[in-house]
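Next come the chains, spelled out residue by residue.
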Amino acid sequence: AQKITQTQPGMFVQEKEAVTLDCTYDTSDQSYGLFWYKQPSSGEMIFLIYQGSYDEQNATEGRYSLNFQKARKSANLVISASQLGDSAMYFCAMRGPSGGYQKVTFGTGTKLQVIP
Amino acid sequence: ETGVTQTPRHLVMGMTNKKSLKCEQHLGHNAMYWYKQSAKKPLELMFVYNFKEQTENNSVPSRFSPECPNSSHLFLHLHTLQPEDSALYLCASSQDGRESDTGELFFGEGSRLTVL
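Going down the list, the protein sequences come from chains A and B. Letter 82 of the first sequence, counting from 1, is numbered 82 in my numbering, and no numbers are missing. In my numbering, each residue carries its 1-based index in the second sequence increased by 116.
I should point out that these hints are in silico values taken from the structure, not numbers from a laboratory. Check the hints yourself; a few may be wrong.
Dumping the calculated SDA-like pairs for lysine to any residue here, alpha-carbon to alpha-carbon at most 20 Å [to be verified]:
#, chain 1, residue 1, chain 2, residue 2
1, B, K156, A, S87
2, A, K111, B, S154
3, A, K111, B, K157
4, A, K103, B, E160
5, A, K3, B, E160
6, B, K152, A, I46
7, B, K157, A, T108
8, B, K156, A, A88
9, A, K3, B, M162
10, B, K157, A, S42
11, B, K156, A, D22
12, B, K156, A, S41
13, B, K152, A, F47
14, B, K152, A, Q6
15, B, K152, A, M11
16, A, K111, B, P158
17, A, K103, B, S175
18, A, K103, B, E172
19, B, K152, A, S41
20, A, K3, B, E220
21, B, K157, A, D22
22, B, K157, A, D26
23, B, K156, A, M11
24, B, K152, A, A88
25, A, K103, B, E220
26, B, K156, A, T105
27, B, K157, A, Q8
28, B, K152, A, T5
29, B, K157, A, P40
30, B, K157, A, I46
31, B, K157, A, S41
Short, incomplete list of chain A residues facing chain B, as computed with Cβ under 8 Å [stated by the list, open to error]:
#, residue
32, G33
33, L48
34, K103
35, T108
Here a beta-carbon is modelled for each residue, glycine too, at the ideal position from N, C-alpha and C.
If we strip away everything but chain A, and leave its shape as in the complex, we get (with noise of 0.2 Å):
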């Protein structure tokens, strides 16, 4: 079984700095996937990073970066220069190995708001 465990229900931070977000999770699996998800009060879930299991290089995509230590089984989002639209519902996520459909497990989420 896949679990995720995210730790800060909420968090604040100080518009243009960064931020990480904390998250941990626990399978079996060898081979694994790893998300970040954002869903903005409007409700949509917005994909923002992917980390795979066997990809030797943490993932990043413009502001954004995953902190992937195998070992301590820890996915962290990092966002650097945040912006007021930062402020969101952020969710870590897994998915098993690839292959047929995703069962994809979801963390509880962090709220996390910007200050001007």
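With the hints as your guide, set chain B onto chain A.
Then chain B, alone, in the frame of chain A:
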């Protein structure tokens, strides 16, 4: 615009009503999903359809009835719901089956359901 459209965006119904939620994806994906999002709980996977065949039913009560007439359309039929069924219902799609697929989920904006 993620290519996944859900209607209606908001729905209020009584416990004796019958209503349906609709989801349509324009991405050519082969898998579609229904998730339930309640306050302060992780997203709960309800149903998965892969190539129009239901591959997952996550112990969902029979008052929720999914229908997938083709790979682009997914419905969730609702009848005799309970107030605790009030939640945001999210539809998603993904392309899976190839080793190169990340399994990223593309979500709609959700249907906010209130059961009186």
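Consistency of the hints with the structure:
In summary, the hint linking K156 of chain B to S87 of chain A is supported, as the alpha carbons are separated by about 17 Å, within the 20 Å threshold. Taken as a hint, the K111 of chain A and S154 of chain B pair is honoured in the structure, with Cα atoms around 15 Å apart against an allowance of 20 Å. About 13 Å separates the Cα atoms of K111 of chain A and K157 of chain B, which keeps this hinted pair within 20 Å; it holds. Distance hint between K103 of chain A and E160 of chain B is fulfilled; the C-alpha atoms sit about 11 Å from each other, no more than 20 Å.
For the proposed pair K3 of chain A and E160 of chain B, the alpha carbon gap of about 13 Å is at most 20 Å, so the pair holds. Our distance criterion of 20 Å between C-alpha atoms is met by K152 of chain B and I46 of chain A, whose separation comes to about 16 Å. Between K157 of chain B and T108 of chain A the CA atoms are separated by roughly 6 Å; this keeps the pair inside 20 Å, and the hint holds. For the given pair, K156 of chain B sits about 14 Å from A88 of chain A by alpha-carbon distance, which is consistent with the 20 Å threshold.
For the suggested pair K3 of chain A and M162 of chain B, the alpha carbons sit about 17 Å apart, so the restraint of at most 20 Å is met. About 18 Å separates the Cα atoms of K157 of chain B and S42 of chain A, which keeps this hinted pair within 20 Å; it holds. For the suggested pair K156 of chain B and D22 of chain A, the alpha carbons sit about 17 Å apart, so the restraint of at most 20 Å is met. Under the criterion of a C-alpha separation no larger than 20 Å, the hint pairing K156 of chain B with S41 of chain A is consistent with the structure, at around 14 Å.
Restraint check for K152 of chain B and F47 of chain A: the C-alpha separation of about 18 Å stays at or below 20 Å, so the hint holds. Pair hint K152 of chain B plus Q6 of chain A holds up; C-alpha atoms about 19 Å apart against a cutoff of 20 Å. Using a Cα cut-off of 20 Å, the hinted pair K152 of chain B and M11 of chain A is violated, with the two alpha carbons roughly 24 Å apart. Of the supplied pair hints, the one linking K111 of chain A and P158 of chain B holds, its CA atoms being roughly 13 Å apart against a limit of 20 Å.
Restraint check for K103 of chain A and S175 of chain B: the C-alpha separation of about 14 Å stays at or below 20 Å, so the hint holds. Only pairs whose Cα atoms come within 20 Å are accepted, and K103 of chain A paired with E172 of chain B is accepted, the gap being roughly 9 Å. A distance of roughly 16 Å separates the Cα atoms of K152 of chain B and S41 of chain A; the hinted pair therefore holds under the 20 Å criterion. This hinted pair checks out: K3 of chain A and E220 of chain B have alpha carbons roughly 18 Å apart, not beyond 20 Å.
Straight-line distance between C-alpha atoms of K157 of chain B and D22 of chain A comes to about 17 Å, which keeps the hinted pair within the 20 Å bound. Between K157 of chain B and D26 of chain A the alpha-carbon distance is near 18 Å, which keeps this suggested pair within the 20 Å criterion. Only pairs whose Cα atoms come within 20 Å are accepted, and K156 of chain B paired with M11 of chain A is accepted, the gap being roughly 15 Å. Proximity of K152 of chain B to A88 of chain A is assessed by CA-CA distance (about 19 Å); at most 20 Å being required, the pair is judged to hold.
Restraint check for K103 of chain A and E220 of chain B: the C-alpha separation of about 11 Å stays at or below 20 Å, so the hint holds. A threshold of 20 Å between alpha carbons decides the hint, and for K156 of chain B with T105 of chain A the separation of about 15 Å falls inside it, so the pair holds. Taking the CA atoms of K157 of chain B and Q8 of chain A, the gap is about 14 Å. The hint holds against a cut of 20 Å. Between K152 of chain B and T5 of chain A the CA atoms are separated by roughly 18 Å; this keeps the pair inside 20 Å, and the hint holds.
With a C-alpha separation of about 16 Å, the suggested pairing of K157 of chain B with P40 of chain A holds against the 20 Å cut-off. The hinted pair formed by K157 of chain B and I46 of chain A meets the criterion: a straight-line CA distance of about 18 Å does not exceed 20 Å. Restraint check for K157 of chain B and S41 of chain A: the C-alpha separation of about 16 Å stays at or below 20 Å, so the hint holds. A cut of 8 Å between beta carbons decides the hint on G33 of chain A: the least distance to chain B is about 6 Å, and the hint holds.
With a least beta-carbon distance of about 10 Å to chain B, the hint placing L48 of chain A at the interface is violated under the 8 Å criterion. Because the smallest distance between the Cβ of K103 of chain A and any Cβ of chain B comes to about 7 Å, under 8 Å, the interface hint for this residue holds. Proximity of T108 of chain A to chain B holds as hinted, the smallest CB-CB distance being about 5 Å (cut-off 8 Å).
In this structure, the earlier hints numbered 15 and 33 are contradicted, and the remaining ones agree with it.
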